[in-house]
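Produce the complete structure using the sequences and hints provided.
In this text, residue positions in the sequence shown follow the numbering used here: the first is 2, and each later residue adds one.
Calculated from the structure, these hints are not laboratory results.
Glycine included, each C-beta is placed from N, C-alpha and C at the ideal position.
If a hint is listed, it holds; no wrong ones were tucked in.
Pairwise CB distance ranges, derived in the manner of DEER restraints:
#1 K140 <-> N78: 38 to 48 angstroms
#2 K191 <-> D3: 40 to 50 angstroms
#3 Q46 <-> E153: 15 to 25 angstroms
#4 K12 <-> F150: 24 to 34 angstroms
#5 P31 <-> Q189: 40 to 50 angstroms
#6 G9 <-> E107: 22 to 32 angstroms
#7 E101 <-> K186: 56 to 66 angstroms
#8 E43 <-> K7: 21 to 31 angstroms
#9 P31 <-> R120: 20 to 30 angstroms
#10 L167 <-> R132: 38 to 48 angstroms
#11 N78 <-> D3: 13 to 23 angstroms
#12 K145 <-> Q25: 22 to 32 angstroms
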Amino acid sequence: EDIFEKEGVTKEYAYLAIPESHWQPDAVSPAKAAGPYQFMKETAQTYHLRMDKAVDERKDPLKSACACAKNLKYLYNTTGDWQLAISMYNGSEGWDYLKEAKFKGEGISYENFLEHIERKINSVKIKLEARRDLSESQKEKIFKRAIRFYTENLNYPQKFDAISELIKEGFVKEQKPPIKFANIKIKQEKVRFSDYTAKKGDNLPK
2 EDIFEKEGVT
12 KEYAYLAIPE
22 SHWQPDAVSP
32 AKAAGPYQFM
42 KETAQTYHLR
52 MDKAVDERKD
62 PLKSACACAK
72 NLKYLYNTTG
82 DWQLAISMYN
92 GSEGWDYLKE
102 AKFKGEGISY
112 ENFLEHIERK
122 INSVKIKLEA
132 RRDLSESQKE
142 KIFKRAIRFY
152 TENLNYPQKF
162 DAISELIKEG
172 FVKEQKPPIK
182 FANIKIKQEK
192 VRFSDYTAKK
202 GDNLPK
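In structure tokens form, the structure reads like this:
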């Protein structure tokens, strides 16, 4: 919460880790987003999270929280709308909407973004309805797969608001204490060696 407030972002948004990963540091999505705040590699690099064979800082709760706060602040400064900023945190469709709004000279708002998604979904539906080579069941499967990305963006702010309300209303009454990492000392046992003279036919496994 302190990290978010330091970045000038409402501390409530620390709880984005709940809809993103259920607070699981090792969570990895099918799209390869990782950590409690589910960062893709490209975005993580923008916020200087280290990723190599030794460590993946996307899975560090505090460092990824800092990257999340900075990203949300950037998205809000870009859009001027927190609901839209949260939607864009969840998916890239918001950038297409911003381009469309700029081209049409329309005001930027979350409501207009929802209308943009509605147009996209209807466009998919119209194109499928015109297909005569597909059965109704095939069209339904294709339609569900095609709009999955749009529907995820569509309800994401509401999903977060619902979680936030549960916390405020006291339904979330207890939280597990922070993870404590134990320092384990490795004990090396003394190894006894004996001499062996290699014979013809010996190999390394023998």
